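Number of protein chains: 2
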Amino acid sequence: MLSYTLEEIKGWPLYEQLYQHIKEDIMEHRLYPDSPLPSKRSLAKQLNISITTVENAYNQLLSEGYIYSFPREGFYVSDVSQTPGMAIREENLAKQAEYKRIHPDNSKRSSATKTLVIDNKGMIQEKSFKDMYLGADDHKEFFADFTSNATDPNTFPFSTWAKINREILSTEQLKLMTNSPSKGLVELRFAIAEYLREFRGIDTFPDNIVVGAGTETLYSILIQLLGYDKVYGTEDPGYEKIAKLLEVSNVKNVKVPLDHDGIVPRDLRYKGVNVIHCTPSHHFPTGITTPIGRRQELLKWANEDDYHFDKKRQSVFLKTIASDKYIIEDDYDSEFRLSGLPIPSLFSIDNNEKVIYMNTFTKSLASTIRISYMILPDHLRDKYNETLSFCSCPVSTFEQLTLARFIERRFYEKHINRMRNSSRKKRDLLMKSIKNSVIGNFSEIREEQSGLHFILDIALGISDETFIKRCLDKDIKIKAISRNNFMINYSSIPLDRIEEAVRRLAECAL
Amino acid sequence: MLSYTLEEIKGWPLYEQLYQHIKEDIMEHRLYPDSPLPSKRSLAKQLNISITTVENAYNQLLSEGYIYSFPREGFYVSDVSQTPGMAIREENLAKQAEYKRIHPDNSKRSSATKTLVIDNKGMIQEKSFKDMYLGADDHKEFFADFTSNATDPNTFPFSTWAKINREILSTEQLKLMTNSPSKGLVELRFAIAEYLREFRGIDTFPDNIVVGAGTETLYSILIQLLGYDKVYGTEDPGYEKIAKLLEVSNVKNVKVPLDHDGIVPRDLRYKGVNVIHCTPSHHFPTGITTPIGRRQELLKWANEDDYHFDKKRQSVFLKTIASDKYIIEDDYDSEFRLSGLPIPSLFSIDNNEKVIYMNTFTKSLASTIRISYMILPDHLRDKYNETLSFCSCPVSTFEQLTLARFIERRFYEKHINRMRNSSRKKRDLLMKSIKNSVIGNFSEIREEQSGLHFILDIALGISDETFIKRCLDKDIKIKAISRNNFMINYSSIPLDRIEEAVRRLAECAL
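Read top to bottom, the protein sequences are chains Y and Z. So the first sequence is numbered by our numbering: it starts at 1 and just counts up by one. So the second sequence is numbered by our numbering: it starts at 511 and just counts up by one.
In case anyone wonders, no lab produced these hints; they're calculated from the structure. Any given hint could be a false lead.
[As the list claims (entries may be wrong)] With a straight-line Cα cutoff of 25 Å, these simulated BS3-like cross-link-like pairs (lysine-lysine) come out:
hint, chain 1, residue 1, chain 2, residue 2
1, Y, Lys-163, Z, Lys-685
2, Y, Lys-241, Z, Lys-685
3, Z, Lys-673, Y, Lys-163
4, Z, Lys-979, Z, Lys-751
5, Z, Lys-754, Y, Lys-383
6, Z, Lys-864, Z, Lys-751
7, Y, Lys-354, Y, Lys-255
8, Y, Lys-175, Z, Lys-673
9, Z, Lys-935, Y, Lys-45
10, Z, Lys-864, Z, Lys-810
11, Z, Lys-685, Z, Lys-673
12, Y, Lys-230, Y, Lys-255
13, Z, Lys-555, Y, Lys-414
14, Y, Lys-383, Z, Lys-762
15, Y, Lys-252, Z, Lys-762
16, Y, Lys-477, Z, Lys-685
[To be verified] So the derived label-pair ranges between C-beta atoms look like this:
hint, chain 1, residue 1, chain 2, residue 2, range
17, Z, Lys-924, Y, Ser-323, 57 to 65 Å
18, Y, Tyr-270, Z, Arg-540, 36 to 44 Å
19, Z, Glu-517, Y, Asn-154, 39 to 47 Å
20, Z, Trp-522, Y, Asp-236, 47 to 55 Å
21, Z, Lys-979, Y, Lys-271, 52 to 60 Å
22, Y, Glu-304, Z, Glu-538, 51 to 59 Å
23, Z, Lys-924, Y, Phe-158, 26 to 34 Å
24, Y, Asp-236, Z, Gln-683, 31 to 39 Å
25, Z, Tyr-738, Y, Lys-271, 18 to 26 Å
26, Y, Asp-457, Z, Pro-523, 42 to 50 Å
27, Y, Arg-418, Z, Arg-540, 49 to 57 Å
[As the list claims (entries may be wrong)] Part of the chain Y face toward chain Z, derived, beta carbon under 7 Å:
hint, residue
28, Ile-369
29, Arg-370
30, Cys-391
It should be emphasised that the depicted structure is a prediction, and the values quoted were computed from it without experimental measurement. Even for Gly, the Cβ is constructed at its ideal location relative to N, Cα and C.
All chains should be built: construct the whole structure from the sequences, respecting the hints.
Take a look at the structure:
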């Protein structure tokens, strides 16, 4: 708390009052073990007392071991609860020694300081003090996670990113402090438009582009634009998160099955879908690429008039109304098509403003940089400008500007090429390893030509569940998308772990 | 486009085909003026032709002036449309000279290159080429904008921020590449909890904190948690954005009037509100601070049972059900209370998990860094963990980690103190300037004791509209919140503009 009321009381000096307050807060765990205390100067200012008063109080607490200090670092709260048998002062001395050992240069304090605690089975455990105050939503890390679409940490262009960062922080301060337009920083939308024109054959204007912080924020805008009364369709199987998002966003949503070419327009009609989310370039997770013929059928569906039951006449009277159907084209990993001709996007062959194009930098750059975008057809762009431009862009201008410069200066293009090469290497090694291992004899690889994942069909002699459990025991995470069909998403797995990961898979399959 | 199909045709060399394609794209404006072309190497790789072929095509285009180049920079598209009378090549030479003048070190190319264009009145205008492809959503900048809650660009701690940035980019790469938990990076939530405990007297755990990218993302989570069937109330007058957000989010929302102490519980009952958004520390825009008595009345309201019409019995039968009422406490500028005792937050005096605390770094750090957070009561935290943990945190780990380190190392605390001092100076100068100017005689300042804005009541001899229009002509933006009552939000105005801004206000008022 450290917001105490100190009073002039005869015989009870201020410093002693302060000492008492802080001590109480420590003993009653209102101040966390190992958490920093304010500096003497700042506490004095805050409580409107002299620095000497604070100094006296801190010295008293120090000498009694309630707090400890590191040279030139400040004061920290001792861990009084976890050391019932041990003298607090001694522990503090040990901590200081350990600190000196870890930080011979005194440059900074480790936030991962470990504490010995007694768990509920009476066992002594080494725990960081943060563990004690946090829920269990930290991610477990695996030796290899074939279900993760995170990017391989080794591929991120740290030095270029840092260089651009440094540059804009020193030369573009005013721009960084100016609120970005609602749809995103002009520089970034311009860079995206240029990039799409050059590499994806998509013709659009920055004004039609909306920058978001991941699928969640773009979807919440889309639902606001397209309506809460619409029926939203998602692919089955598909990217489960979209279905969940629609569910929690309180809109009607249905799952639409696929045939070997992707979504079937007949099913859309049958299920009364108004807005369909699909991944025609590279279906997730099956890897299907929707051929041009089916793409045209989908566009035809989107342009059909709707039939509408006329309630007034109280009869089965069908009346046509203009189509309010849309296709959301999620082009999430088109950059990673590893061979074959690029297929024109649905967006670029749509003449009637029926397709919303969506893409993200979370696949191509880093899953931890939350920047995604969509292209709105003109009439939806106008609706956005009218009704939603009061919203703030959720992405910080710092990262928008860094990314814009990164694309403009053609680093993004180079990065994609490097990522494609690295993916190709990984894919080749993965396939070679599978073929050379025992599972090569009773498995089949499907849809390996595009994107960052493929399907491995293993004719297992055991149940999928048993296989998955065995893999987990060997620190490998894998998921079945249907009986014996496992998704192999290799984007997050470093090249040097691939052979070992396959060896473990093979062990588990036998 | 630059994704051409080149064929082996006798008598029509590949380089000429390529030259033709690019020339056509330039002439038909499929390639923007001044936009960069791919490097020779990358285009060759992309089209599967030799670098020499690309070189020959580029040389041809260069010599005919369709493209131009800067040394060690690459090739750019000429502006062929805007210079009907002028030889393209000469213009390119001029551009190169200008480029050399601006960038003697060749270090980078300015993205603000100007082009002379002829506007629709036949006048020649200097325009950046970006202007030509963008919508009109760029913000106008004013000499002084009393309506803006942006932060003063001069106050942002650029050098510390840059230092931490550089450090984490070089030493914490794996952490930066690891997806943040749904509720936000552990380090950041921990730092926020510590900060709140120490400076705001709020006792909470990192596990209850949800990090978001501004009000929009937090509200979309809150509506998902609290329900689409609830009645949401906002303060009237109040922060208009919240009401708009509720509107577009398709939930029922009502405006609740204020008395001189803030929201009145009676009105909440009367209007059937389930969830009320309020700013008890410092009401926006009136500046009211809700006293402790009223705060307790609000909590009492939130704990009352709800009455419920029993449809089954078809009679006016009232049945009590457990309360599903909540208070969203928006503490947006509590850090900037300039004098007087801090008032305990509603959150900290709530014993029944009825208050959701919300705060943001957009006021205290920079409006362009989109990081905000809320504290969920335990049962809502549990609901979040169960139903929404599939969502990704919208804030990039890069900025979350930077901010966490910034708070942990007590830079945030120092920054707030500096900001408070700077605000106090601004406020004092503003009030002194108003008192010393002619409007000092017929105006009154209200609620100046807290936060970053106050109300100026000017007994104008002209209409508010005329006054506002006159101010606009003098590059001053100001807004009335009721007849003759103007909001003076001074957060975005640099200290050295304050006296001049008041001088202009006075001129307009006469």
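If I claimed the Cβ atoms of Lys-924 (chain Z) and Phe-158 (chain Y) lie 26 to 34 Å apart, would that claim hold in this structure?
Check passed, 29 Å falls within 26 to 34 Å.
For the hint 49 to 57 Å, verify it against the beta carbon of Arg-418 (chain Y) and that of Arg-540 (chain Z).
Hint violated: Cβ distance 28 Å, outside 49 to 57 Å.
Ile-369 (chain Y) as an interface hint toward chain Z, with CB separation required under 7 Å
It holds, given that the least Cβ distance between Ile-369 (chain Y) and chain Z is near 5 Å, below 7 Å.
Verify the CB-CB distance for Trp-522 (chain Z) and Asp-236 (chain Y) against the hinted window 47 to 55 Å.
This hint holds: roughly 50 Å between Cβ atoms.
Going straight from one Cα to the other, do Lys-673 (chain Z) and Lys-163 (chain Y) come out at no more than 25 Å?
Status holds; Cα separation ~12 Å.
What's the verdict on Lys-864 (chain Z) and Lys-751 (chain Z), does the C-alpha distance respect the 25 Å limit or exceed it?
Distance of about 23 Å is within 25 Å: holds.
Within 25 Å, alpha carbon to alpha carbon, are Lys-555 (chain Z) and Lys-414 (chain Y)?
Distance ~12 Å between Lys-555 (chain Z) and Lys-414 (chain Y) Cα, so the pair holds.
Is Lys-252 (chain Y) within 25 Å of Lys-762 (chain Z), Cα to Cα?
holds (19 Å)
Taking the Cβ atom of Asp-457 (chain Y) and the Cβ atom of Pro-523 (chain Z), is their distance within the range 42 to 50 Å?
holds (48 Å)
Assess, step by step, whether the Cα of Lys-241 (chain Y) is no farther than 25 Å from the Cα of Lys-685 (chain Z), and give holds or violated.
The given pair, whose Cα atoms are some 24 Å apart, holds under the 25 Å limit.
Given the hint that Lys-383 (chain Y) pairs with Lys-762 (chain Z), test it: the Cα-Cα distance must not exceed 25 Å.
OK: Lys-383 (chain Y) and Lys-762 (chain Z) at ~22 Å, within 25 Å.
Does Lys-673 (chain Z) lie within 25 Å of Lys-685 (chain Z) when you go C-alpha to C-alpha?
Within the cut-off at roughly 18 Å; holds.
Checked against the numbered hints listed earlier, the structure breaks hints 22 and 27; every other hint is satisfied.
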